[in-house]
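Single-letter residue listing:
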Amino acid sequence: MLSCKDATRLCSDALERELSLRERLALRMHLAMCAGCTRFEDQLAVLRALSRRWSEGRVPPAAEPPPDSAGSSSPGDER
Amino acid sequence: MLLNNDAALADLRRDMLRFARLQLRDADLAEDAVQEAMAAACAQQDRFDGRAELRTWVFAILRNKLVDQLRRRGRSENFSTVLAPDFDDAAVDALFRANGHWRPENRPAAWADPEAAATQSAFWRIFEACLDHLPESLARVFMMREMLGLETAEICTELAISKGNCHVMLHRARLGLRTCLEKNWFSHGECPTC
Numbered sequence: 132m133l134s135c136k137d138a139t140r141l142c143s144d145a146l147e148r149e150l151s152l153r154e155r156l157a158l159r160m161h162l163a164m165c166a167g168c169t170r171f172e173d174q175l176a177v178l179r180a181l182s183r184r185w186s187e188g189r190v191p192p193a194a195e196p197p198p199d200s201a202g203s204s205s206p207g208d209e210r
Numbered sequence: 035m036l037l038n039n040d041a042a043l044a045d046l047r048r049d050m051l052r053f054a055r056l057q058l059r060d061a062d063l064a065e066d067a068v069q070e071a072m073a074a075a076c077a078q079q080d081r082f083d084g085r086a087e088l089r090t091w092v093f094a095i096l097r098n099k100l101v102d103q104l105r106r107r108g109r110s111e112n113f114s115t116v117l118a119p120d121f122d123d124a125a126v127d128a129l130f131r132a133n134g135h136w137r138p139e140n141r142p143a144a145w146a147d148p149e150a151a152a153t154q155s156a157f158w159r160i161f162e163a164c165l166d167h168l169p170e171s172l173a174r175v176f177m178m179r180e181m182l183g184l185e186t187a188e189i190c191t192e193l194a195i196s197k198g199n200c201h202v203m204l205h206r207a208r209l210g211l212r213t214c215l216e217k218n219w220f221s222h223g224e225c226p227t228c
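Respectively, the protein sequence lines represent chains X and W. Quick note: the first sequence uses our numbering, first residue 132, plus one each step. Quick note: the second sequence uses our numbering, first residue 35, plus one each step.
Keep in mind that the hints were calculated from the coordinates and are not lab data. Hints should not be assumed to be uniformly reliable.
In silico contact screen, one side only, chain W against chain X (beta carbon under 8 angstroms); selected entries [unchecked claim]: (1) 45; (2) 47; (3) 144; (4) 145; (5) 148; (6) 150; (7) 154; (8) 204.
Note that beta-carbon positions come from the ideal geometry of N, C-alpha and C, so glycine has one too.
Modelling step: build the complete structure from the supplied sequences, incorporating the hints.
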């Protein structure tokens, strides 16, 4: 039985290489029982789509020019 | 056209700079890359056929400049020395219990409507902050792969790392980025245990 850590690794690897039959079966079995990893797999596709969109400049313009410190603010801050 | 409109040009330039800075993590190199991309765009204005959005077209030129820049740099620095300090499992291990299963607070929750999020500039500020928050080497590999669209094999060659390393780093970057986005955007107002 795969751990969630291993399953997320296979989900990520699947975007980079062809998984072996054994890996695919193990991953499918894990995902069938694990809602968290199933969401993780879906979210990788979302991350990829968002990244593409951002890199093509297809994002709404900032409401106001962000301060120069914007890039270094901690993502942990509350909005 | 847009390239002759001062206000629109300033906006475009600002967005390009932010993109380039996050990719290169070096303000001067980012400035150079944007400058080169702008110059190339102006020189090739007649090649712009109006089918793509101008912004998209200029960003495509910028991505090519960034790839060139990273290639040049890849050859001149030893990436594995940059890599070493980030190659720390602690951040990834903290997401999972000792048996490798999710800690309850880190188990991925459902993301409400990413498509709607993508239409809000506030979301993209969080996205950028989360990228910036990743360890530099992870962010570099992730962006070469997902933003600049390079294949893993090419990234390995440019950075002189093994394929296995590259896959490990992409896994970590993806875990880090999705966790950050969830904590700072997607889980707002939602019950964290749902």
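So, going through the hints one by one against the coordinates:
1. For residue 45 (chain W), the suggested interface contact is upheld, since its CB lies about 6 angstroms from the closest CB of chain X, less than 8 angstroms.
2. At its closest, the beta carbon of residue 47 (chain W) sits 11 angstroms from a beta carbon of chain X; the interface hint therefore is violated under the 8 angstroms criterion.
3. A least Cβ separation of about 6 angstroms between residue 144 (chain W) and chain X falls short of the 8 angstroms threshold, and the interface hint therefore holds.
4. About 6 angstroms separates the beta-carbon of residue 145 (chain W) from the nearest beta-carbon of chain X, less than 8 angstroms, and the hint is met.
5. With a least beta-carbon distance of about 5 angstroms to chain X, the hint placing residue 148 (chain W) at the interface is held under the 8 angstroms criterion.
6. The beta carbon of residue 150 (chain W) comes no nearer than 12 angstroms to any beta carbon in chain X, farther than 8 angstroms, and the hint placing it at the interface is violated.
7. For residue 154 (chain W), the suggested interface contact is upheld, since its CB lies about 7 angstroms from the closest CB of chain X, less than 8 angstroms.
8. Checking residue 204 (chain W) against chain X: minimum C-beta separation of about 6 angstroms stays under 8 angstroms; hint holds.
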